[in-house]
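2 protein chains.
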Amino acid sequence: MSRIAIDAMGGDYAPKAIVEGSLWAAQEYGVALELVGKQDEIQKEIDKIKSRGYILSDCGTHGHKRRVKIDVDKIDYTITHASEVIGMGEAVGQSIRKKKDSSIVAAVKAVAEGRCEAVVSAGSTGAAMAASLFGLGRIHGVSRPAIAVTLPTMKEPLVLIDGGANSDCTADMLAQFAQMGTAFAQCAVGIENPTVGILSIGEEEGKGNALVKDTYPLLKDLHEQGKIDFVGNIEGKELFKNKANVIVCDGFAGNVALKVTEGTASMLLKMIATEFKSDFIGCIIGLMAKPFLRRILKRINWEVFGGMLLLGVKGISVIAHGRSSAYAMRNAVGAAVRVLNKDINSKIAESVNK
Amino acid sequence: MSRIAIDAMGGDYAPKAIVEGSLWAAQEYGVALELVGKQDEIQKEIDKIKSRGYILSDCGTHGHKRRVKIDVDKIDYTITHASEVIGMGEAVGQSIRKKKDSSIVAAVKAVAEGRCEAVVSAGSTGAAMAASLFGLGRIHGVSRPAIAVTLPTMKEPLVLIDGGANSDCTADMLAQFAQMGTAFAQCAVGIENPTVGILSIGEEEGKGNALVKDTYPLLKDLHEQGKIDFVGNIEGKELFKNKANVIVCDGFAGNVALKVTEGTASMLLKMIATEFKSDFIGCIIGLMAKPFLRRILKRINWEVFGGMLLLGVKGISVIAHGRSSAYAMRNAVGAAVRVLNKDINSKIAESVNK
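So the sequences go chain by chain: A and B. In terms of the numbering used here, the first sequence opens at residue 3 and continues consecutively. In terms of the numbering used here, the second sequence opens at residue 3 and continues consecutively.
Please note: incorrect hints may appear among the correct ones.
Distance condition first, Cα-Cα at most 27 Å in a straight line; then the derived DSS-like pairs of lysine-lysine [claimed, not checked]:
no.	chain 1	residue 1	chain 2	residue 2
1	B	76	B	40
2	A	18	A	46
3	B	239	A	18
4	B	40	A	300
Among chain A residues calculated to face chain B with C-beta under 10 Å, some are [claimed, not checked]:
no.	residue
5	288
6	342
7	343
8	344
Taking CB as the label site, the calculated pair distances span [stated by the list, open to error]:
no.	chain 1	residue 1	chain 2	residue 2	range
9	B	69	A	228	54 to 62 Å
10	A	41	B	300	20 to 28 Å
11	A	296	B	345	29 to 37 Å
12	A	52	B	226	55 to 63 Å
13	B	174	A	215	16 to 24 Å
None of these hints come from the bench; they were simulated from the model. Ideal placement from N, C-alpha and C gives every residue a C-beta, glycine not left out.
Model the full structure from these sequences, guided by the hints.
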């Protein structure tokens, strides 16, 4: 049975939502857990779930909670005590070095020492990245690890890389992201021959900023070598139109794209709610329309995808949203489970060193 | 009466939609027109409208067309013949130099020679920018003109600058964009003391890429000098939350943000339509919900805002969407009208030279 290390103290709703979500995932996906953090706090949460027999969680539709039965006795878990926590606002480099007994550093250690096969954290993204990088090390040949994010579209999910690990990039880095993203799409999304595009402004070759223009010929080269299936520039408005399975970009543009998606969807859904509430008939129609809109909410909800993978480190490291609920945490563990036993890191090593 | 130069041949639906939309705007806003392009084609469109007495146009809700009465005899217009057209795919620099008698170059000339107060084009963005820059010249002290885009939010509209004129920027350029954007928000949106933010990944000072980190202290300086009201970093997901009236960024990130907004909204609305069509009851509820959704569509439709302003050139230059319908064109002319007689360019000159 695979064992997953959980940073039980990371995230806005830790340790409650983190413990609940990971136990749920353990039961759902049949994996064992090493819960890392303050022993007593973790134990208290587990005891509560055990005595109650269920957790209350929304399931991808904000605010609509339901009971999920959890049989704690059937779950294989251990608790590893870590006395410190790295907060959301802390300077990353410093805190990783100073807080040697922080939950994220100790959780990564569980993977580095071979007790676990993956680590999942909903704490500070910077801290999770740094801890994974220092604790696991880079895969030979990878110059910079990058964040791969899986996004919903009308058809199959889309992989965006880099989602924010490297705010300034070189063309060589983007070319590696294309190779790592290809391996990830094969392993995690199950697309045998994923197509790769580069995020740009304008479809034609030659459109874009200096970085895109420098990266384009490198991606063409990789295409000719048969290493990736490069399809050219992808504009922001085409992001969700399945023109490419993997889209590469620097971490700044990638994070802007991700967050703008989140912001636009949230504004639009708020506008819809406001519009329906504008008059009496609207309220009634709005009520009837609710189940339909809720289904959409579920389809586009980032919580369903749960976690982003840090690619390029020697191990599996999933970074979950800081606002992760139990449901989001369950799915973040699920994101780790999806790439277990898929040999993703050998594939990445092979592709960047060939 | 102010006169506006129209590039009648620019845009996917030119000259029909362009002529219809500008006549509509002339009637609506009480401005005169100089229609620039192929004389016979323009005249033919005008004759059609004259004999019919109306145009058929959607009004911000795709596909739902209504009649708009146009009394051509009451509109003050002239036609200026230009024999050439610059197509969407053409190399910008070359075509501007070679096609001296193209409609966009000739329309800009009408402003440069003082016959018109603004130029509006729905043709190639690159060609419209280059023609405006070469034909009108930069305002003294402005290092690079930038595109200001007005976006809908839940409250007052937001100004994003640069929307795509400069794909690679320096910190000094972004600092000027902040000043130009402030002048624009005052003139075009009517906000007396607009706040300014910088698009970044992470809210705290120090988060972002090298460009953002370099720009931050410059914006702080301008704030201390009382030139702008700087409020710090704005994340992509906060774009529409009215945390700042003006958001500065390089043209690459700006264009990605704009296009991702468009792509997300379009995917979401498609998902809603699909979801309602999934069963019989859904179809009925969907039909009832339609007027509500249509009102939202109208609120978020880029066509309502119509045009982006190229700030920093000596004159008013509005760049409309290439897919502009008559309705979008009417609003693009409206965007020019909103800044007429507001002395926006003296304000920009004053702020960058003070």
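Evaluation of the provided hints:
1. Simply put, residue 76 of chain B and residue 40 of chain B have alpha-carbon atoms about 23 Å apart, close enough for the 27 Å limit, and the pair holds.
2. Restraint check for residue 18 of chain A and residue 46 of chain A: the C-alpha separation of about 9 Å stays at or below 27 Å, so the hint holds.
3. A hinted pair counts as satisfied when its Cα atoms are at most 27 Å apart, and residue 239 of chain B with residue 18 of chain A qualifies at roughly 26 Å.
4. Between the alpha carbons of residue 40 of chain B and residue 300 of chain A the distance comes to roughly 52 Å, so the proposed pair goes past 27 Å and is violated.
5. With a cut of 10 Å, the hint placing residue 288 of chain A at the interface with chain B holds, because the nearest CB-to-CB distance is about 8 Å.
6. Among the interface hints, the one on residue 342 of chain A is violated; its C-beta lies about 30 Å from the nearest C-beta in chain B, farther than the 10 Å criterion.
7. About 33 Å separates the beta-carbon of residue 343 of chain A from the nearest beta-carbon of chain B, more than 10 Å, and the hint is not met.
8. The beta carbon of residue 344 of chain A is not positioned within 10 Å of any beta carbon in chain B (closest approach about 29 Å), and the interface hint is therefore violated.
9. Between residue 69 of chain B and residue 228 of chain A, the C-beta spacing of about 58 Å keeps the proposed range 54 to 62 Å intact.
10. One distance hint, 20 to 28 Å for the beta-carbon pair residue 41 of chain A and residue 300 of chain B, is violated here, with the actual separation near 57 Å.
11. Evaluation of the 29 to 37 Å hint for residue 296 of chain A and residue 345 of chain B yields a failure: the beta carbon distance comes to about 51 Å.
12. About 58 Å separates the C-beta atoms of residue 52 of chain A and residue 226 of chain B, a value consistent with the hinted range of 55 to 63 Å.
13. A beta carbon spacing of about 22 Å between residue 174 of chain B and residue 215 of chain A agrees with the range 16 to 24 Å that was offered as a hint.
In summary, the structure is inconsistent with hints 4, 6, 7, 8, 10, 11 from the numbered list given earlier, while agreeing with the others.
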